[in-house]
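Residue numbers (the working numbering), protein chains in the order written: chain A, 1 to 136; chain B, 1 to 137.
No lab work stands behind these hints: they were computed from the structure. Glycine included, C-beta positions come from ideal geometry on N, C-alpha and C. Be aware that one or more of the hints could be misleading.
[Claimed, not checked] Calculated cross-link-like contacts (lysine to any residue; reagent style SDA-like; alpha-carbon spacing at most 25 Å):
hint, chain 1, residue 1, chain 2, residue 2
1, B, Lys130, A, Tyr63
2, B, Lys106, B, Val125
3, A, Lys73, B, Lys106
4, A, Lys105, B, Val47
5, B, Lys130, A, Ser136
6, B, Lys130, B, Phe29
7, B, Lys106, A, His23
8, B, Lys106, A, Tyr63
9, B, Lys130, A, Leu67
[Claimed, not checked] Far from chain B, some chain A residues (derived; all Cβ distances over 10 Å):
hint, residue
10, Ala27
11, Leu46
12, Gly99
13, Ser103
14, Ala112
15, Ile115
16, Gly133
[Claimed, not checked] According to the in silico footprint, chain B covers these stretches of chain A (three or more CB under 8 Å from chain B):
hint, stretch
17, 34-44
18, 90-98
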Amino acid sequence: MTESSGGLPERPLSPHLQVWRWHVTMACSILHRGCIFALYFGALLLAGWAVSLASGSECYGWYIGLLGSPLGKLVLFGLTFALLFNLAYTVRQSFWDLGLGFSLKTADMTGAAAIAFAAVGAIVIWAIAAQTGALS
Amino acid sequence: MANLSAGRFRTPLSRARGMGASRHGVSHFITERVSGLALIPLTLWAVFAGLRLSGPAYRSQEAVASWIAAPHNTVLLALLLVVALVHLKGAIQVVIEDYIERFTTKTVLVVANLFVCVVAGAAGVVSILKVALTGAL
Numbered sequence: 001m002t003e004s005s006g007g008l009p010e011r012p013l014s015p016h017l018q019v020w021r022w023h024v025t026m027a028c029s030i031l032h033r034g035c036i037f038a039l040y041f042g043a044l045l046l047a048g049w050a051v052s053l054a055s056g057s058e059c060y061g062w063y064i065g066l067l068g069s070p071l072g073k074l075v076l077f078g079l080t081f082a083l084l085f086n087l088a089y090t091v092r093q094s095f096w097d098l099g100l101g102f103s104l105k106t107a108d109m110t111g112a113a114a115i116a117f118a119a120v121g122a123i124v125i126w127a128i129a130a131q132t133g134a135l136s
Numbered sequence: 001m002a003n004l005s006a007g008r009f010r011t012p013l014s015r016a017r018g019m020g021a022s023r024h025g026v027s028h029f030i031t032e033r034v035s036g037l038a039l040i041p042l043t044l045w046a047v048f049a050g051l052r053l054s055g056p057a058y059r060s061q062e063a064v065a066s067w068i069a070a071p072h073n074t075v076l077l078a079l080l081l082v083v084a085l086v087h088l089k090g091a092i093q094v095v096i097e098d099y100i101e102r103f104t105t106k107t108v109l110v111v112a113n114l115f116v117c118v119v120a121g122a123a124g125v126v127s128i129l130k131v132a133l134t135g136a137l
């Protein structure tokens, strides 16, 4: 690297998956990016749902059948997790913007809390859905 | 101390070219943060709405259409879709800019991302308004 930098001080390399030791803060960061892709797909699903609703009851019935299939339910459960995780992550990031929560202990704790919130929240929401007869 | 300034990471060539940030970074950052904060209440409403609409009372297209026709539902649903797409468009663009180095590929992906979000937003909002204003077919 110093060969090509012509005597300049070594420039920082951005970290990547292969060179990082796994810990909760980096897992959160990667999970956040993964969730963004999932939610991108989720936003397209929402737009598609609105279009199917405007396209008549036959089309809507087909679309709802797709979402209600076992695979559809699995996707929707994943999206519930992603939605809640990104909500928690936004709160976490807002504290960072205020300059708070950067100590290792706090960052680890809030990261673990965000994952736990999303996991527990998704299960609770789907338990409520089961209670109200949404899953049958 | 001068050695510690950010400027030391710029090569003489990059200084000579004079090409740095396009000065849009701050507005991107603020758009991302503000839309993210706006999505907190919208997300909570979306969970609530999703639970309601998946219940037995809303199995038919007519029932869902009459739900959407309530003005607060029309507005919140359209806002949810538009704000989510604005936020996600920016988020995905950052990922593209982070990982795609080749100029042509990067540009095509950034523009494709924009088009997908704009088309999804336009189609979604028009559909929501159509159902809200004219009812189920």
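Review point. Keeping to a limit of 25 Å between CA atoms, is the pair of Lys106(B) and Tyr63(A) held or broken?
Key: 33 Å, violated
Exercise for review: Verify the proposed pairing of Lys73(A) with Lys106(B), using a straight-line Cα cut of 25 Å.
Suggested key: Answer violated: Lys73(A) to Lys106(B) is near 34 Å, above 25 Å.
**Study point:** 10 Å cut-off, C-beta based - Ile115(A) kept clear of every residue in chain B
**Key:** About 17 Å separates Ile115(A) from the closest Cβ of chain B, which puts it past 10 Å; holds.
Check your understanding: Are all C-beta atoms of chain B more than 10 Å from that of Gly133(A)?
Key -> The claim is violated: Gly133(A) sits with its nearest Cβ about 5 Å from chain B, within 10 Å.
Review point. Do three or more residues from the stretch 34-44 of chain A put their C-beta atoms closer than 8 Å to C-beta atoms of chain B?
Key: holds (count 6)
Point to revise | Restraint check for Lys106(B) with His23(A), where alpha carbons must lie at most 25 Å apart | key: Violated - the C-alpha atoms of His23(A) and Lys106(B) are around 31 Å apart, more than 25 Å.
Review point. Per the stated criterion, does the least C-beta distance between Ala27(A) and chain B lie above 10 Å, as a non-interface residue requires?
Key: Consistent with the label, Ala27(A) stays out of reach of chain B, its closest Cβ about 17 Å off (over 10 Å).
Practice item. Beyond 10 Å from every chain B Cβ: check whether that's true for Leu46(A). Key: The assertion about Leu46(A) is violated, with a minimum of 6 Å to chain B.
Exercise for review: Assess, step by step, whether the Cα of Lys130(B) is no farther than 25 Å from the Cα of Tyr63(A), and give holds or violated.
Suggested key: Holds. Lys130(B) to Tyr63(A) sits at ~18 Å (cutoff 25 Å).
Check your understanding: Is Lys106(B) close enough to Val125(B), meaning Cα to Cα at most 25 Å?
Key -> It is violated: about 29 Å lies between the C-alpha atoms, which goes past 25 Å.
Practice item. Confirm or reject the statement that Ser103(A) sits farther than 10 Å, beta carbon to beta carbon, from all of chain B. Key: 22 Å, holds
Practice item. Take the C-alpha atoms of Lys130(B) and Ser136(A), compute the straight-line distance between them, and say whether it is at most 25 Å. Key: Not satisfied, since the Cα-Cα distance of roughly 30 Å exceeds 25 Å.
The structure is inconsistent with the numbered hints 2, 3, 4, 5, 6, 7, 8, 11 and 16, although it conforms to all the rest.
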